[in-house]
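*Asks:* In case you want the letters, here they are:
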Amino acid sequence: MSGWDDLPYEMPIGTIDEDTTDRLLAGRIHPDDAPPGYAGVARILQAAGSLPRSEHLSREAELVAAAREVMSLRSPPGGGAGGSPTRHRRALAGLIVTGALLGIPGLAAANALPDPAQHAVSRVLHKVGISVPGNEDHPASTGQEISNIATTTSSIGVAKGAEISTAASGGKSQAGQHGHQRNGGARSSHTPSVGGTGRADAASNGKSARGTAKANVKSGGRSSAGSGNAATVPTAAIEHGGGHPAAHP
Amino acid sequence: MAGFEETLVAAREGEAEALARLFRLIYPRFVCYVGAVTPTDAEDVAADAWLDVARGLHRFEGDEQAFRAWAFTIARRRLLDLQRSRARRRTDPVEPEDLVGAGGAGDVEEEALARLGTGWAIRLITSSLSSDQAEVVILRVIGELGVDEVAAIMGKRRGTVRVLQHRALRRLAMVLEGQGVTR
Numbered sequence: 000m001s002g003w004d005d006l007p008y009e010m011p012i013g014t015i016d017e018d019t020t021d022r023l024l025a026g027r028i029h030p031d032d033a034p035p036g037y038a039g040v041a042r043i044l045q046a047a048g049s050l051p052r053s054e055h056l057s058r059e060a061e062l063v064a065a066a067r068e069v070m071s072l073r074s075p076p077g078g079g080a081g082g083s084p085t086r087h088r089r090a091l092a093g094l095i096v097t098g099a100l101l102g103i104p105g106l107a108a109a110n111a112l113p114d115p116a117q118h119a120v121s122r123v124l125h126k127v128g129i130s131v132p133g134n135e136d137h138p139a140s141t142g143q144e145i146s147n148i149a150t151t152t153s154s155i156g157v158a159k160g161a162e163i164s165t166a167a168s169g170g171k172s173q174a175g176q177h178g179h180q181r182n183g184g185a186r187s188s189h190t191p192s193v194g195g196t197g198r199a200d201a202a203s204n205g206k207s208a209r210g211t212a213k214a215n216v217k218s219g220g221r222s223s224a225g226s227g228n229a230a231t232v233p234t235a236a237i238e239h240g241g242g243h244p245a246a247h248p
Numbered sequence: 000m001a002g003f004e005e006t007l008v009a010a011r012e013g014e015a016e017a018l019a020r021l022f023r024l025i026y027p028r029f030v031c032y033v034g035a036v037t038p039t040d041a042e043d044v045a046a047d048a049w050l051d052v053a054r055g056l057h058r059f060e061g062d063e064q065a066f067r068a069w070a071f072t073i074a075r076r077r078l079l080d081l082q083r084s085r086a087r088r089r090t091d092p093v094e095p096e097d098l099v100g101a102g103g104a105g106d107v108e109e110e111a112l113a114r115l116g117t118g119w120a121i122r123l124i125t126s127s128l129s130s131d132q133a134e135v136v137i138l139r140v141i142g143e144l145g146v147d148e149v150a151a152i153m154g155k156r157r158g159t160v161r162v163l164q165h166r167a168l169r170r171l172a173m174v175l176e177g178q179g180v181t182r
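From first to last, the protein sequence lines are chains A and B.
Residues 0 to 248 (numbering that gives the first Met the number 0) are what the first sequence spells out, left to right.
Residues 0 to 182 (numbering that gives the first Met the number 0) are what the second sequence spells out, left to right.
The set of hints was computed from the structure by calculation and includes no laboratory data.
Built from N, CA and C at the ideal position, the CB exists for glycine as well.
Check the hints yourself; a few may be wrong.
What the hints assert, rightly or not - Over the 10 Å line for every Cβ pair with chain A, so calculated as not near, a few chain B residues: (1) Glu5; (2) Arg23; (3) Pro27; (4) Arg54; (5) Glu60; (6) Thr72; (7) Gln82; (8) Thr117; (9) Ile141; (10) Ala151; (11) His165.
What the hints assert, rightly or not - Using C-beta positions, here's what the derived DEER-type ranges look like: (12) B/Glu60 x A/Pro35: 41 to 51 Å; (13) B/Glu16 x A/His29: 44 to 54 Å; (14) B/Glu60 x A/Ala111: 43 to 53 Å; (15) A/Glu61 x B/Gln64: 54 to 64 Å.
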């Protein structure tokens, strides 16, 4: 602030204590009773504290009415001080949640949701007693039901798979409806097994064949060790659809 | 005349007379306080602060002194909002010699005393003191607030406020002595 360095600091202005300071500021010290040098301060502070009531009360009716209005609304008028961004965000979030709560069941009732969402909403609403499409038109809603079908059905092979698939997909699966099974359900293919065994015999110096014979003796002929010597009976294995990994359905 | 507590309860219910009593209690103080910083916007800022007080009335609990402190906290926020929105709105400080000498020729003391009024006194305070010192003095004098309340409103420590007010009065005394206002 300009000019204050030039003030005559040697003026006889006494030091005042905290209590005197408080009483001066409260206007409780008359200028005539003020400490040396503080009479003018006492006058200034008294003048500052004597509020010109009527001067500032001309808007009383208007502002009291406005206050009643904002109190009845409990929300700020446009651009008012209470219109904080946080409040607006909360209001927006509330609208979104309300819209979701009202809109999703509505769409579900109209069966207008994507299938997974429709099914999920249907199941949730079904638990609270509200029926919307997507819950009752599914033949098997749980893994337990699918499992029951799989273990109790009399179908076999492709027919069994088709039945389970149809139940699990709500009839949408077309599994087993195209094409046909080959060789009575056992799909087999030719796999040359020549050489492998011979190589094994050669590599083992005949011990492989001896091991096979020994296993046959020990098991009373039930052992299939050595696969019945694939090198000598390849056709039988193929025609019976067994004894070869590639012959499984 | 109803006590403050009854007035507060009735005002919360929207009773016009109770609200008017609260209005008379704080609005003129708001105008003086804000006017000390930005005279041209004093009425508008004070009105906004008053409406903020009305909005928050249902949340307030306390006696009259606490109410004044709470209301001035709101008014100060309003003032700071205005100052932020306008990079520099504050009027240029008036040199105290201009204020004291504004009465023309004659006995300086008599002229000054004759012109003593709230507005004049506040202008002298704001033009003579630093902004912090002036605010402490105005909150204490206009708001009739204690040191602790002023410290809370201004976000300063109690001791800081004490130092500010002590230096403020000493500076005012020097200014007035220097201008011959004080005997």
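*Asks:* Do the beta carbons of B/Glu16 and A/His29 sit within 44 to 54 Å of each other?
*Replies:* At roughly 36 Å between Cβ atoms, A/His29 and B/Glu16 fall outside 44 to 54 Å, so the hint is violated.
*Asks:* Against chain A, does B/Ile141 keep a CB gap of more than 10 Å to every residue?
*Replies:* Since the minimum Cβ distance to chain A is about 7 Å, B/Ile141 lies within 10 Å and the statement is violated.
*Asks:* Non-interface claim for B/Thr72: all C-beta distances to chain A beyond 10 Å?
*Replies:* Label holds. Min Cβ-Cβ 13 Å, cutoff 10 Å.
*Asks:* Using the C-beta atoms of B/Glu60 and A/Ala111, is the stated range 43 to 53 Å upheld?
*Replies:* Taking Cβ atoms as reference, B/Glu60 and A/Ala111 lie about 52 Å apart, which means the hint holds.
*Asks:* Is the claim that B/Glu60 lies outside the interface with chain A correct, judged by CB distances over 10 Å?
*Replies:* holds (17 Å)
*Asks:* Over 10 Å from every CB of chain A: does B/Thr117 meet that, or does the non-interface label fail?
*Replies:* violated (5 Å)
*Asks:* Taking the closest pair, is the beta carbon of B/Pro27 still more than 10 Å from chain A?
*Replies:* The assertion about B/Pro27 is violated, with a minimum of 4 Å to chain A.
*Asks:* Confirm or reject: B/Gln82 is not an interface residue toward chain A, with every Cβ-Cβ distance exceeding 10 Å.
*Replies:* holds (15 Å)
*Asks:* For B/Glu60 and A/Pro35, compare the CB-CB distance with the range 41 to 51 Å and indicate the outcome.
*Replies:* Holds, at about 45 Å.
*Asks:* So is B/Arg54 really clear of chain A, every C-beta pair being over 10 Å apart?
*Replies:* Violated, because the least Cβ-Cβ distance between B/Arg54 and chain A comes to about 5 Å, which does not exceed 10 Å.
*Asks:* Please confirm whether B/Ala151 is truly not at the interface, meaning its C-beta sits more than 10 Å away from all C-beta atoms of chain A.
*Replies:* Given that every Cβ of chain A is farther than 10 Å from that of B/Ala151, nearest at about 17 Å, it holds.
*Asks:* Please verify that the nearest CB of chain A lies beyond 10 Å from B/Arg23's CB.
*Replies:* Nearest chain A Cβ is 6 Å from B/Arg23, so the label is violated.
In summary, the structure is inconsistent with hints 2, 3, 4, 8, 9, 11, 13 and 15 from the numbered list given earlier, while agreeing with the others.
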